[in-house]
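A.B. asks: So the sequences go chain by chain: A and B.
The numbering of the first sequence is my numbering, which starts it at 20 and goes up by one.
The numbering of the second sequence is my numbering, which starts it at 2 and goes up by one.
Rather than coming from a laboratory, the hints here were simulated on the basis of the structure.
Be a bit skeptical, because a hint or two may be false.
[Stated by the list, open to error] The calculated DSSO-like cross-link candidates involving lysine-lysine, where the alpha carbons are at most 27 Å apart (straight line), are: (1) A:Lys110 - A:Lys223; (2) B:Lys76 - A:Lys24; (3) B:Lys66 - A:Lys24.
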Amino acid sequence: MPTLKEISGRPEILAPGHRMCAGCGAPVVVRQIMKALREDEHVVVGNATGCLEVSTTIYPFTSWRCSWIHNAFENAAATLSGVEAAYRSLKRQGKVKAEFKFIAFGGDGGTYDIGLQSLSGAMERGHKMVYVCYDNGAYMNTGIQRSSATPLGADTTTSPVGKVIPGKTRPRKDLTEIMAAHNIPYVAQVAPSHWNDLVTKVRKALDADGPAFINALAPCPRGWRYDSADTIEMCRLAVETCFWPLYEVVDGKVKVTVKPREKKPVRAFLEAQGRFKHLFEPQNERIIDEIQAIVDAKWANLLARSEQA
Amino acid sequence: MKSVTKPQAPGWKSIPMGGVITEPGNSEKYETGDWRTMRPVWSAKKCINCLLCWVSCPDAAIVAKDGKIVSFDYKHCKGCGICARECPPKVKAITMVNETEFEEQEG
Ligand code: SF4
Ligand code: SF4
Chain A
20 MPTLKEISGR PEILAPGHRM CAGCGAPVVV RQIMKALRED EHVVVGNATG
70 CLEVSTTIYP FTSWRCSWIH NAFENAAATL SGVEAAYRSL KRQGKVKAEF
120 KFIAFGGDGG TYDIGLQSLS GAMERGHKMV YVCYDNGAYM NTGIQRSSAT
170 PLGADTTTSP VGKVIPGKTR PRKDLTEIMA AHNIPYVAQV APSHWNDLVT
220 KVRKALDADG PAFINALAPC PRGWRYDSAD TIEMCRLAVE TCFWPLYEVV
270 DGKVKVTVKP REKKPVRAFL EAQGRFKHLF EPQNERIIDE IQAIVDAKWA
320 NLLARSEQA
Chain B
2 MKSVTKPQAP GWKSIPMGGV ITEPGNSEKY ETGDWRTMRP VWSAKKCINC
52 LLCWVSCPDA AIVAKDGKIV SFDYKHCKGC GICARECPPK VKAITMVNET
102 EFEEQEG
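Extracted from the complex, chain A is given alone in its bound form (with noise of 0.2 Å):
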């Protein structure tokens, strides 16, 4: 297990002056992220478009200190997948001797919506790289658009809160579960309220034989309407009330990692945020009956599964 210590002396691959709003949860989870590289491995990074690739990368600076390339919204997996066939080949021949690591890093509209086909068929021909995906929940960078990572019930520009729709009518897409129907060696979901947790994992991904996929939860206290000190607070309530288990799946096999000593009712995580304040209201209370039934059945889907593990 990694220190803190320890790691705060390993490179900072995001450097500061990017253009994340202040409190975005994004930069949190790449820092993280980048944190469990060792010294002596070089990364590419493929960025999908999304508030990370724009703010980061706004010409003329960049905020990477590794290799970086941005392709499209829709094909961040497909273009590093190609990177990394032809790293591959590259070494065989002997022209190209560092090792290198290669990980994608996608919002959910990147990920979940619109690059969710590269994706599966890069995961499925077995490219040896890392996809990453900073879940906030929304289109962000657009203008708060609802995704199909959007939770049932919030508010978003799309999704609005009028007289009769009561925010997002449909619950989240289970990417996580998605991606481990791959049958990959690694698949885990992160938040940066847990780094220890986040950067075991992550080192885990880097070394499995094949591809590995991340999802990290990552506030946005613009869309998520919070206050901007609160993003790893919110992380915990997340992970408190099993609204986001951390847990991962090892060649088929479950494990939760981190069990909340109280499993916190999912109001705790709704009632601090803005784009659930309409749930209070009593005509929508049974949004959040509904949303609780949702978080229940999964982590005990989830304990069950582990324990058989």
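Given chain A, work out where chain B with the ligands should sit, using these hints.
C.D. replies: Relative to chain A, chain B with the ligands alone:
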């Protein structure tokens, strides 16, 4: 707070082929510190060097050396307040102070 200078974009003739940026991490020259309305003020005396603030900062604006916090990078810190919130409640080594408090001193 003093206004910060933003470097000019290069003329089109000096742009590399494909618009590639050849200097890794050059966003460091772009100062985001002037976004800040609240400044994290850190007390070295109270700090127990748990590094929880360091690992939670979105802007890599907390400088650690040999496992110890040495300074805050006010050229880039956006004043989000995460560090002050994450510093253990028993320690409270970081206080958020309104930037107007520093205006007289720093012009
Ligand atoms: S206020 Fe935010 S940006 Fe500034 S040092 Fe603290 S965590 Fe980093
Ligand atoms: S969180 Fe507080 S005690 Fe810990 S290193 Fe930062 S300032 Fe020091």
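A.B. asks: Evaluate each hint against the coordinates.
C.D. replies: Status of each hint after checking the structure:
| no. | hint | result |
| --- | --- | --- |
| 1 | A:Lys110 - A:Lys223 | holds, 23 Å |
| 2 | B:Lys76 - A:Lys24 | holds, 24 Å |
| 3 | B:Lys66 - A:Lys24 | holds, 9 Å |
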